[in-house]
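Using the sequences provided together with the hints, build the complete structure.
Number of protein chains: 2
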Amino acid sequence: MKIGIFGSGVVGNTLGTKFTELGHEVKMGSRTASNDKAAAWVGSAGSKASQGTFADAAAFGEILFNCTSGAVSLPALEAAGAKNLAGKILVDVSNPLDFSKGMPPSLTVCNTDSTGEQIQRAFPNVKVVKALNTLTSALMVNPGALAGEHDLFICGNDDGAKGRVTEILREWLGWKNIVDVGDITAARGTEGLMLLWIRLYGKLQTPHFNWHITR
Amino acid sequence: MKIGIFGSGVVGNTLGTKFTELGHEVKMGSRTASNDKAAAWVGSAGSKASQGTFADAAAFGEILFNCTSGAVSLPALEAAGAKNLAGKILVDVSNPLDFSKGMPPSLTVCNTDSTGEQIQRAFPNVKVVKALNTLTSALMVNPGALAGEHDLFICGNDDGAKGRVTEILREWLGWKNIVDVGDITAARGTEGLMLLWIRLYGKLQTPHFNWHITR
Numbered sequence: 001m002k003i004g005i006f007g008s009g010v011v012g013n014t015l016g017t018k019f020t021e022l023g024h025e026v027k028m029g030s031r032t033a034s035n036d037k038a039a040a041w042v043g044s045a046g047s048k049a050s051q052g053t054f055a056d057a058a059a060f061g062e063i064l065f066n067c068t069s070g071a072v073s074l075p076a077l078e079a080a081g082a083k084n085l086a087g088k089i090l091v092d093v094s095n096p097l098d099f100s101k102g103m104p105p106s107l108t109v110c111n112t113d114s115t116g117e118q119i120q121r122a123f124p125n126v127k128v129v130k131a132l133n134t135l136t137s138a139l140m141v142n143p144g145a146l147a148g149e150h151d152l153f154i155c156g157n158d159d160g161a162k163g164r165v166t167e168i169l170r171e172w173l174g175w176k177n178i179v180d181v182g183d184i185t186a187a188r189g190t191e192g193l194m195l196l197w198i199r200l201y202g203k204l205q206t207p208h209f210n211w212h213i214t215r
Numbered sequence: 216m217k218i219g220i221f222g223s224g225v226v227g228n229t230l231g232t233k234f235t236e237l238g239h240e241v242k243m244g245s246r247t248a249s250n251d252k253a254a255a256w257v258g259s260a261g262s263k264a265s266q267g268t269f270a271d272a273a274a275f276g277e278i279l280f281n282c283t284s285g286a287v288s289l290p291a292l293e294a295a296g297a298k299n300l301a302g303k304i305l306v307d308v309s310n311p312l313d314f315s316k317g318m319p320p321s322l323t324v325c326n327t328d329s330t331g332e333q334i335q336r337a338f339p340n341v342k343v344v345k346a347l348n349t350l351t352s353a354l355m356v357n358p359g360a361l362a363g364e365h366d367l368f369i370c371g372n373d374d375g376a377k378g379r380v381t382e383i384l385r386e387w388l389g390w391k392n393i394v395d396v397g398d399i400t401a402a403r404g405t406e407g408l409m410l411l412w413i414r415l416y417g418k419l420q421t422p423h424f425n426w427h428i429t430r
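Quick mapping for you: the protein sequence lines, in order, are chains U and S. Each residue of the first sequence is one higher than the last, beginning at 1 in this note's numbering. Each residue of the second sequence is one higher than the last, beginning at 216 in this note's numbering.
You may find that some hints are simply not true.
To be verified - Partner residues are not named here, just some residues of chain S that face chain U (Cβ under 7 Å, in silico):
id, residue
1, Thr327
2, Pro358
3, Leu361
4, Leu411
5, Arg414
6, Tyr416
As the list claims (entries may be wrong) - Computed cross-link-like contacts, DMTMM-like style, restricted to lysine to aspartate or glutamate with a CA-CA straight-line distance of at most 25 Å:
id, chain 1, residue 1, chain 2, residue 2
7, S, Lys391, U, Asp151
8, S, Lys418, U, Glu149
9, S, Lys303, S, Glu382
10, S, Lys303, S, Glu293
11, U, Lys101, S, Glu382
These aren't lab readings, by the way, just hints derived from the structure by calculation. Virtual Cβ for every residue (Gly too), placed ideally from N, Cα, C.
Now the structure itself:
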C-alpha cells in the first residue's frame with residue numbers, strides 16, 4: 001500500500017520505518033522536498049522509502065498519517081493541499097503541545113476544541129481519525145513491548161474510516177485493545193491525556209508506559 | 216478521627232458513609248446548617264454522622280475532603296473560612312465540570328490552571344492534596360470492585376500531607392496503586408482526565424472503570 005507521512009520527526013520516522021518493513025511504500029513529506037531529516041530516513045529505510053514535499057506525500061498516499069507537531073499541523077496540511085487530501089483517511093497522530101511557556105508544556109488548544117477537530121473543520125472532505133497520539137512512538141509500533149494489557153483510543157466522524165484504521169492498527173502494528181471513544185470531538189479527551197502523560201513521564205523517568213482502562 | 220466533608224452530593228455521601236462505617240466521626244458541611252440532603256445522609260449514616268455549615272465542618276475536621284463541584288469549590292471554601300481551614304490537609308476530590316454549554320461537559324478551568332491550584336492559591340496555609348477525582352465514587356471506597364490492576368493519582372505541594380493521604384487511601388479505602396504525579400500543578404493533568412472519562416462513560420455505558428498505567 002502507498003502511505004504518505006507528514007513530518008520527519010521521531011514519530012514519522014518510527015511509523016515510516018515500520019510500514020516499509022511491512023513492505024509498504026512510504027513517502028515522507030516535509031516543508032521542502034530535500035529536508036535533511038527525511039533524507040536521512042530514506043537513506044536508512046531502504047527502497048520502499050521516499051521523500052518529498054507535504055503535497056508530494058499527500059498525492060502519493062492512499063492513506064495518510066499526520067506526524068507533525070499539532071501546533072504546526074494546519075499549515076502543513078494546507079501546504080499538502082485540500083485536493084491531494086480529499087476523500088482520504090488521515091490518521092492524526094499529532095498533539096497540540098506548546099513549549100513556548102517553558103516546561104512542562106501546555107496545549108495550544110484543548111477542553112472545547114482539539115487539533116483533530118481543527119483539521120476536520122479545515123478539510124471537511126478528509127476522513128480524520130485521531131489515533132496513536134496517546135503514547136510514545138516506540139510503543140505505537142510495538143505494543144507487545146509492555147507486558148500487561150494496555151489500550152489505544154481512536155475517534156473520528158467516519159465509522160468506515162475508523163474501521164479501516166482499526167484493521168491497520170491490529171494487523172500491521174499488533175494492537176489488541178482499541179477503544180473507539182466517539183466522534184472527532186473526543187480528541188479533546190485523547191489530546192488532553194497529554195497533560196497527565198507529561199507528568200507521568202517526569203515521575204516514571206521513562207516514556208515506556210501506556211493507558212489501560214480497567215473495567 | 217474527626218473528618219469534615221464539604222458537599223452533600225453523591226461523592227460526599229459515599230465517602231462520608233465509608234468513613235463512619237470505619238468508626239470515624241464525620242461532619243458534612245453545606246451552605247446551610249439544615250441542608251436536606253445532608254440531613255438525609257445523617258439519618259442513614261448513624262451516630263457518627265453529623266451536619267453543619269461549611270464552616271462547622273471545617274472547624275470540626277482534623278482532615279477535610281472537598282466534595283463540592285469544582286465550579287463552586289472556591290465559594291464553598293471561602294464560606295468554610297481560612298481560619299477553620301488553616302494548617303489542615305484538604306483532600307480535593309473536585310472536578311471543574313461545566314455543564315452550562317450542554318453535554319458533554321467541558322471544564323471551567325484546565326490546561327494552564329486547575330481547581331486544585333486555585334484552591335491552593337486562595338488558601339496558601341492549607342495542605343491541598345488532589346486525589347480521588349479521577350473515578351466514580353463507588354470505586355473510590357471499593358477499589359476491589361474492579362478485578363484488574365488500576366491506579367489512583369495524587370498530587371500536591373506538601374510531601375508530608377501526600378504521605379498521610381496515601382496512608383488513608385491504603386488503610387481506610389484499600390487502594391494498592393497510588394501514583395504521586397507531583398506538585399499541585401499536576402492537577403491540570405488529573406482533572407484533565409475528565410475530558411476523556413466522560414467520553415468513556417458514554418461509550419462503555421457504565422462509570423465502573425478506572426485508569427491503569429501499564430509499564
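Does the nearest C-beta of chain U fall within a distance shorter than 7 Å of the C-beta of arginine 414/S?
-> With a minimum Cβ separation of about 4 Å from chain U (threshold 7 Å), the hint on arginine 414/S holds.
Interface restraint verdict for tyrosine 416/S against chain U (beta-carbon cut-off 7 Å) = This interface hint is violated because 10 Å lies over the 7 Å limit.
Please work out if lysine 303/S and glutamate 293/S have their alpha carbons no farther apart than 25 Å.
-> 15 Å, holds
Pair hint lysine 391/S and aspartate 151/U, alpha-carbon separation not exceeding 25 Å = 21 Å, holds
Regarding the pair lysine 303/S and glutamate 382/S, is the alpha-carbon distance no greater than 25 Å?
-> 16 Å, holds
Is the shortest C-beta separation between proline 358/S and chain U less than 7 Å?
-> 10 Å, violated
Is the straight-line distance between the alpha-carbon of lysine 418/S and that of glutamate 149/U 25 Å or less?
-> 19 Å, holds
Restraint satisfaction for leucine 361/S [CB to CB of chain U, less than 7 Å] | Cβ of leucine 361/S sits 5 Å from chain U, so the hint holds.
Pair hint outcome, lysine 101/U versus glutamate 382/S [Cα-Cα no greater than 25 Å] = 36 Å, violated
Per-residue hint verdict: threonine 327/S, partner chain U, C-beta under 7 Å = 5 Å, holds
Per-residue hint verdict: leucine 411/S, partner chain U, C-beta under 7 Å = 3 Å, holds
Hint compliance for this structure: hints 2, 6, 11 are not met, and every other hint is.
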